[in-house]
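Chemist: Protein sequences, first through last, are from chains U and R. Going by the working numbering, the letters in the first sequence line up with residues 568 to 962, in that order. Going by the working numbering, the letters in the second sequence line up with residues 568 to 962, in that order.
Some clues are possibly wrong.
Any copy will do: because identical chains look the same in the list, a pair fits if it lies in one copy or spans two.
[To be verified] Straight-line alpha carbon distances no greater than 30 Å define the calculated DSS-like cross-link-like pairs of lysine-lysine that follow: (1) K637 with K573; (2) K611 with K959; (3) K591 with K571; (4) K880 with K959; (5) K729 with K576; (6) K729 with K673; (7) K737 with K673; (8) K935 with K779; (9) K959 with K673.
Treat the hints as calculated values from the structure; they're not laboratory data.
Now for the letters of each chain:
2 protein chains.
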Amino acid sequence: MPRKHKVIKQEFQVSFNYDVCFTKDLFDPTNALFANLIQSASPKVARKVLFVFDEGMYSHHPDLFEQIRKYAAEHEDVFTLVDNLITIPGGEAAKNDSTHVDCIHKAINDANLDRHSYVTIIGGGAVIDTAGYAAATAHRGIRTIRVPTTVLAQNDAAVGVKNGINAFGKKNFLGTFVPPFAVINDVNFLETLDQRDWRSGISEAIKVALLKDADFFSFLEEHAKRLNRREEEPMQELIYRCAELHLDHIATSGDPFEMGSSRPLDFGHWAAHKLEQLTNYELRHGEAVAIGIALDVTYSYLDGLLSEQEWEKVLNTFKACGFNLYVPELQNKLDQPEHEESIFRGLEEFREHLGGELTIMLLEEIGKGIEVHEVDYDLFREAISKLETYEKQPV
Amino acid sequence: MPRKHKVIKQEFQVSFNYDVCFTKDLFDPTNALFANLIQSASPKVARKVLFVFDEGMYSHHPDLFEQIRKYAAEHEDVFTLVDNLITIPGGEAAKNDSTHVDCIHKAINDANLDRHSYVTIIGGGAVIDTAGYAAATAHRGIRTIRVPTTVLAQNDAAVGVKNGINAFGKKNFLGTFVPPFAVINDVNFLETLDQRDWRSGISEAIKVALLKDADFFSFLEEHAKRLNRREEEPMQELIYRCAELHLDHIATSGDPFEMGSSRPLDFGHWAAHKLEQLTNYELRHGEAVAIGIALDVTYSYLDGLLSEQEWEKVLNTFKACGFNLYVPELQNKLDQPEHEESIFRGLEEFREHLGGELTIMLLEEIGKGIEVHEVDYDLFREAISKLETYEKQPV
Numbered sequence: 568m569p570r571k572h573k574v575i576k577q578e579f580q581v582s583f584n585y586d587v588c589f590t591k592d593l594f595d596p597t598n599a600l601f602a603n604l605i606q607s608a609s610p611k612v613a614r615k616v617l618f619v620f621d622e623g624m625y626s627h628h629p630d631l632f633e634q635i636r637k638y639a640a641e642h643e644d645v646f647t648l649v650d651n652l653i654t655i656p657g658g659e660a661a662k663n664d665s666t667h668v669d670c671i672h673k674a675i676n677d678a679n680l681d682r683h684s685y686v687t688i689i690g691g692g693a694v695i696d697t698a699g700y701a702a703a704t705a706h707r708g709i710r711t712i713r714v715p716t717t718v719l720a721q722n723d724a725a726v727g728v729k730n731g732i733n734a735f736g737k738k739n740f741l742g743t744f745v746p747p748f749a750v751i752n753d754v755n756f757l758e759t760l761d762q763r764d765w766r767s768g769i770s771e772a773i774k775v776a777l778l779k780d781a782d783f784f785s786f787l788e789e790h791a792k793r794l795n796r797r798e799e800e801p802m803q804e805l806i807y808r809c810a811e812l813h814l815d816h817i818a819t820s821g822d823p824f825e826m827g828s829s830r831p832l833d834f835g836h837w838a839a840h841k842l843e844q845l846t847n848y849e850l851r852h853g854e855a856v857a858i859g860i861a862l863d864v865t866y867s868y869l870d871g872l873l874s875e876q877e878w879e880k881v882l883n884t885f886k887a888c889g890f891n892l893y894v895p896e897l898q899n900k901l902d903q904p905e906h907e908e909s910i911f912r913g914l915e916e917f918r919e920h921l922g923g924e925l926t927i928m929l930l931e932e933i934g935k936g937i938e939v940h941e942v943d944y945d946l947f948r949e950a951i952s953k954l955e956t957y958e959k960q961p962v
Numbered sequence: 568m569p570r571k572h573k574v575i576k577q578e579f580q581v582s583f584n585y586d587v588c589f590t591k592d593l594f595d596p597t598n599a600l601f602a603n604l605i606q607s608a609s610p611k612v613a614r615k616v617l618f619v620f621d622e623g624m625y626s627h628h629p630d631l632f633e634q635i636r637k638y639a640a641e642h643e644d645v646f647t648l649v650d651n652l653i654t655i656p657g658g659e660a661a662k663n664d665s666t667h668v669d670c671i672h673k674a675i676n677d678a679n680l681d682r683h684s685y686v687t688i689i690g691g692g693a694v695i696d697t698a699g700y701a702a703a704t705a706h707r708g709i710r711t712i713r714v715p716t717t718v719l720a721q722n723d724a725a726v727g728v729k730n731g732i733n734a735f736g737k738k739n740f741l742g743t744f745v746p747p748f749a750v751i752n753d754v755n756f757l758e759t760l761d762q763r764d765w766r767s768g769i770s771e772a773i774k775v776a777l778l779k780d781a782d783f784f785s786f787l788e789e790h791a792k793r794l795n796r797r798e799e800e801p802m803q804e805l806i807y808r809c810a811e812l813h814l815d816h817i818a819t820s821g822d823p824f825e826m827g828s829s830r831p832l833d834f835g836h837w838a839a840h841k842l843e844q845l846t847n848y849e850l851r852h853g854e855a856v857a858i859g860i861a862l863d864v865t866y867s868y869l870d871g872l873l874s875e876q877e878w879e880k881v882l883n884t885f886k887a888c889g890f891n892l893y894v895p896e897l898q899n900k901l902d903q904p905e906h907e908e909s910i911f912r913g914l915e916e917f918r919e920h921l922g923g924e925l926t927i928m929l930l931e932e933i934g935k936g937i938e939v940h941e942v943d944y945d946l947f948r949e950a951i952s953k954l955e956t957y958e959k960q961p962v
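With the hints as constraints, model all of the structure from the sequences given.
Modeler: Below you can see the structure in the form of structure tokens.
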């Protein structure tokens with residue numbers, strides 16, 4: 568006889584909203600954006616703001632904290648600057664060392680920040696991820712203002728709802744889904760990027776264009792060389808449209824906190840994450856994503872999903888932007904898919920991180936992805952060879 | 568001239584839902600509830616389940632893991648038991664030592680849990696808070712099934728959306744808002760509670776009744792002596808109604824993740840949290856809450872908000888349940904409100920944790936609270952004296 572249980576069915580919705588702003592000279596005395604954002608949430612009381620800087624960014628903008636000090640003095644009725652500036656290294660170094668999180672927690676405690684205070688993070692995606700995780704877990708969530716300073720962070724990492732650090736050798740093993748209070752993209756920061764960081768962000772734009780917007784892909788194809796020459800205008804357009812597509816995806820996908828198994832925007836990422844690890848993070852995330860996408864696009868072509876013409880278009884667009892589409896690590900232990908050093912191991916690690924069934928995205932045509940749940944290792948081996956050949960002699 | 572900024576306004580909702588179940592003999596072979604909950608979310612694939620036990624609970628139920636092993640074997644098509652049982656101490660010891668969180672993260676990594684796996688936590692509120700925080704931050708959220716084993720956890724702590732641990736000497740300094748996958752209240756666990764833990768949970772029921780439901784308060788007043796004599800029937804009713812009121816508050820308050828300043832259910836908690844700390848956690852949370860509420864109710868009466876008759880009713884109901892309503896720590900440094908050891912310091916710590924303006928709840932009548940933003944220290948000093956007198960000679 569089945570038992571009877573009393574059950575209370577709990578159900579509720581939570582609304583999230585935040586502004587993603589595009590500006591220039593953020594802390595110039597004449598730019599009221601930053602102060603206005605804080606004031607809009609708290610018209611009467613001055614709130615505390617703690618700053619976390621990416622060391623790399625700070626070395627290119629050594630006057631920034633002094634500028635912020637002056638800005639804060641002019642807006643003292645709106646916010647109070649915490650004088651304790653936290654700096655952490657950029658790139659995966661930030662995410663691989665959990666003491667940065669501890670250090671930010673300590674600074675939050677020392678400054679007596681509360682849930683109406685702010686942590687403003689100025690830096691690349693890794694610094695934003697790390698400091699964002701620290702802020703999200705202090706007092707169950709201090710508000711964050713993200714000021715991403717790389718192309719990749721401005722068009723992708725910083726506009727979304729995630730944060731996290733690496734642990735146990737796994738990318739983003741620790742983290743939460745917590746939207747920011749606001750995101751501010753200041754184009755000035757892009758000028759001081761080195762060439763690799765400038766380029767890295769382009770691959771996420773190509774990715775989202777391939778999956779969602781053929782017109783945007785045409786724009787990228789057309790402007791690839793100008794982007795590679797560091798022209799600011801097409802880059803601003805790229806960042807705006809890419810951020811917009813990401814935000815739209817988060818808002819309309821029906822699963823912003825990824826409770827299900829699918830993650831359609833992670834195109835090419837199973838291989839990318841593994842390649843970052845296999846190259847000891849010598850590859851930047853965006854560089855690894857370019858290779859990961861090239862691999863899955865080549866697989867899509869070999870599998871008969873994608874036309875040869877579109878396959879060439881995709882690879883040539885990456886190439887024109889200056890990307891390298893092959894690294895020797897792709898060939899590691901290809902005969903032992905379970906081996907820690909095999910690229911194929913990335914499939915299982917990807918599945919594990921998402922949970923549930925393996926779900927990867929392939930390309931049917933430019934602007935249209937298709938999810939699959941099984942892959943053919945031999946076809947991937949062929950795709951890797953094809954990339955090696957292409958890299959030696961582009962079509 | 569004001570600058571023009573491009574702004575993308577991001578806005579989306581996230582739906583959360585979970586069952587709060589009331590059962591008996593949870594892992595009895597004939598009880599399908601646990602397996603059914605997992606199967607409902609994943610009809611085809613067996614999911615991994617890691618168990619975290621409260622050491623105190625385990626010492627009273629030494630056969631429990633063996634029983635779960637058998638249960639898992641019978642439901643192997645639904646879930647796979649992770650053989651590595653984690654046990655952590657109960658009470659604030661769990662929350663004061665962050666190595667428990669690290670240890671659970673390690674176990675999650677060792678067992679390769681993914682976002683479709685489960686951490687099932689069996690224990691008191693502190694263990695559920697600690698293990699819940701660990702689960703919420705691994706892979707940005709492993710699903711948790713909470714099996715609270717104390718009255719306090721069954722009717723309050725475990726049905727809500729929070730988790731966390733203490734840090735820097737502050738309660739719940741680290742934590743997140745992440746709802747559980749399910750909550751299962753098994754009445755069997757209440758039988759082995761010691762008298763203090765049995766009683767402790769009653770104060771949260773009195774609290775929520777005072778604020779929201781005069782009928783429920785009458786029920787508690789009427790059954791106070793039977794509750795103190797450990798009769799199971801009124802206790803089951805108390806837990807069900809209290810859980811229901813909590814869940815309803817979370818779903819309908821409009822601010823389940825507490826982004827605003829108000830937290831109406833934290834009646835009496837500014838003093839309670841501080842008293843726990845001042846007594847080195849000698850006071851159980853529920854015992855401290857009883858004193859905190861008695862204090863704020865007495866203040867409400869002295870302030871002219873609450874009638875003398877209702878004031879007496881509240882104190883006498885606590886008394887009939889067996890609560891002590893005065894501890895000498897209430898008198899610490901009353902002339903130095905900013906002093907670390909003064910109860911008044913709890914007001915600022917409470918404000919800081921919530922953020923924003925100080926907001927505390929007082930009582931207008933039984934079943935109806937009222938928020939205030941300023942307090943009168945002298946009136947609180949008088950209320951403390953009154954409690955001391957009452958404790959010596961109840962009215």
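Chemist: Tell me the hint numbers this structure goes against, listed in increasing order.
Modeler: 2, 9
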